[in-house]
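Chains C and R supply the protein sequences, listed in that same order. If you're matching positions, the first sequence starts at 0 in numbering that gives the first Met the number 0 and goes up one per residue. If you're matching positions, the second sequence starts at 0 in numbering that gives the first Met the number 0 and goes up one per residue.
These are calculated hints, taken from the structure and not from any lab test. Watch out, some of these pointers could steer you wrong.
[Unchecked claim] Facing chain R, from chain C, some residues (calculated, C-beta under 10 Å):
(1) G50
(2) S51
(3) Q55
(4) A57
(5) G61
(6) L78
(7) A80
(8) I83
Backbone N, C-alpha and C fix where the C-beta goes; we use that ideal spot for every residue, glycine too.
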Amino acid sequence: MKIIVTATAPELEATVDPRFGRGAYFVVVDTETMRWQAHANQGVNAAGGAGSQAAQFAAQQGVAAIISGDFGPNAYIALAAAEIKMYLLGASKTVQAAVTSFAAGELAQVSAPTGAGHHGGRGA
Amino acid sequence: MKIAVASGKGGTGKTTVATSLALSLAMGAPGQSVPLPPVFLDCDVEGPNAHLFLAPVFERRQDVVIQIPRVDAAKCTACGKCAEVCQYHAIVVLGKRTLVFSQLCHGCGSCTLVCPEGAISEEPHAIGVLEAGTAARGIPFARGVLDVGEPMATPAIRQLKQWAIPADGPEGRVLILDAPPGTSCPVVEAVRGADYLLLVTEPTPFGLHDLRLAAEVAAELRIPVGVIINRDGIGDAAVDAFCAAAGLPILLRIPFERAIAEGVAQGRTLVEIQPEYASRFRAMAQQIVEQAGL
Numbered sequence: 000m001k002i003i004v005t006a007t008a009p010e011l012e013a014t015v016d017p018r019f020g021r022g023a024y025f026v027v028v029d030t031e032t033m034r035w036q037a038h039a040n041q042g043v044n045a046a047g048g049a050g051s052q053a054a055q056f057a058a059q060q061g062v063a064a065i066i067s068g069d070f071g072p073n074a075y076i077a078l079a080a081a082e083i084k085m086y087l088l089g090a091s092k093t094v095q096a097a098v099t100s101f102a103a104g105e106l107a108q109v110s111a112p113t114g115a116g117h118h119g120g121r122g123a
Numbered sequence: 000m001k002i003a004v005a006s007g008k009g010g011t012g013k014t015t016v017a018t019s020l021a022l023s024l025a026m027g028a029p030g031q032s033v034p035l036p037p038v039f040l041d042c043d044v045e046g047p048n049a050h051l052f053l054a055p056v057f058e059r060r061q062d063v064v065i066q067i068p069r070v071d072a073a074k075c076t077a078c079g080k081c082a083e084v085c086q087y088h089a090i091v092v093l094g095k096r097t098l099v100f101s102q103l104c105h106g107c108g109s110c111t112l113v114c115p116e117g118a119i120s121e122e123p124h125a126i127g128v129l130e131a132g133t134a135a136r137g138i139p140f141a142r143g144v145l146d147v148g149e150p151m152a153t154p155a156i157r158q159l160k161q162w163a164i165p166a167d168g169p170e171g172r173v174l175i176l177d178a179p180p181g182t183s184c185p186v187v188e189a190v191r192g193a194d195y196l197l198l199v200t201e202p203t204p205f206g207l208h209d210l211r212l213a214a215e216v217a218a219e220l221r222i223p224v225g226v227i228i229n230r231d232g233i234g235d236a237a238v239d240a241f242c243a244a245a246g247l248p249i250l251l252r253i254p255f256e257r258a259i260a261e262g263v264a265q266g267r268t269l270v271e272i273q274p275e276y277a278s279r280f281r282a283m284a285q286q287i288v289e290q291a292g293l
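Start from the sequences, fold in the hints, and give me the full structure.
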């Protein structure tokens with residue numbers, strides 16, 4: 000299964016980034032093979048629409064789940080529409096640790112936006 | 000003649016300056032005609048407050064409407080062209096679904112234009128209201144008020160200017176544009192097209208930091224700038240040094256005085272609190288008009 004973990008650097012050992020739309024990097028990991036690839040988040044400095052942009056990227060990558068610390072209203076609605084599951088980082092410190100905890104079923108799934116949103120964040 | 004009043008930093012005294020400038024021009028010098036009658040536009044659509052000082056009576060109203068895309072799911076092939084063209088990520092394609100985030104939409108119409116299936120139609124979405132009327136001393140006054148929760152100030156400011164300014168400009172009058180704080184899109188929209196930009200600042204590190212940014216915006220827009228230092232006497236001399244180095248004239252200094260602060264807090268304008276400012280504002284406007292060659 001392909002998943003995304005938001006990270007502060009483009010590495011498997013990188014510290015996680017608690018923000019989804021504004022996270023520095025998306026590390027795409029295949030949980031079966033542990034092959035991974037990091038992508039810089041193009042929406043880091045976007046004036047608005049970072050959440051919807053990030054969700055679009057996740058959908059294009061064909062991931063089944065995302066692990067991050069915060070999902071705003073726009074991101075939540077877009078990811079839910081794309082049927083991408085959202086999980087919270089919990090105590091995970093690194094991308095690797097988050098993937099391990101996810102595989103062990105230890106991460107909490109999100110079923111509502113976790114933040115009030117930022118610029119233009121009232122959802123569709 | 001269009002004079003915009005902006006600041007970068009919020010709370011430096013934009014509205015204090017803009018409203019007193021308007022009143023000073025409307026009064027005219029004692030015993031003389033009014034050579035530069037003002038028109039006032041409150042462009043801070045997220046927090047308009049000039050009405051507190053100029054007490055307008057509104058006679059005309061119009062909704063601020065932007066066109067939001069609606070996607071016909073039966074026609075949409077999820078090709079993604081709309082999402083590609085959207086600068087604001089207001090329309091996204093997720094698998095087979097196309098979603099519209101109306102709060103992010105600027106109503107530019109690009110998605111409708113590029114859709115090869117003709118699957119996108121547009122529907123009006125009101126985000127605020129424009130109001131116009133007459134204020135103190137007969138000053139024509141207009142403002143925009145963005146609805147609470149709407150994040151898009153820029154279209155409201157654009158429509159306010161289109162609605163309230165005649166196509167041939169404010170003929171024979173001085174249009175005063177009271178801009179929002181900051182240096183981002185809403186400020187650019189408010190000051191765009193102005194003949195002159197008054198930047199109100201305070202002599203503090205925050206004031207200087209944002210003055211620098213605001214001056215860069217003005218340079219980018221090629222609008223001549225003059226600086227007004229409010230709360231003069233506090234802070235340090237760094238704003239003076241910056242203005243000298245950047246070649247920005249300091250047109251007026253308003254001292255940090257309790258009487259002024261108390262008066263403004265009671266809803267009185269600077270020229271009502273200290274009437275001697277009226278002639279200073281008129282002289283400043285005259286200087287700007289001459290400098291701008293208008």
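Does G61(C) meet its interface restraint, that is, does its C-beta lie within less than 10 Å of any C-beta in chain R? This interface hint holds because 9 Å falls under the 10 Å limit.
Taking 10 Å as the limit, does the beta-carbon of L78(C) come near enough to a beta-carbon in chain R? Holds - the Cβ of L78(C) comes within 10 Å of chain R, reaching about 8 Å at its closest.
Under the criterion of a CB-CB separation shorter than 10 Å, is S51(C) in contact with chain R as hinted? At 5 Å from the nearest chain R Cβ, S51(C) passes the 10 Å test, so the hint holds.
Classify the hint on A57(C) as holds or violated, based on whether any CB of chain R lies nearer than 10 Å to its CB. With Cβ-Cβ at 9 Å, under 10 Å, it holds.
Close enough to count: is the Cβ of I83(C) nearer than 10 Å to one in chain R? holds, 8 Å
Classify the hint on Q55(C) as holds or violated, based on whether any CB of chain R lies nearer than 10 Å to its CB. OK, holds: Q55(C) within 10 Å of chain R, min 4 Å.
Does the closest beta carbon of chain R sit nearer than 10 Å to the beta carbon of G50(C)? holds, 8 Å
Just to be careful: measuring from the Cβ of A80(C) to every Cβ in chain R, is the smallest value less than 10 Å? holds, 5 Å
Checked against the numbered hints given earlier, the structure satisfies every one of them.
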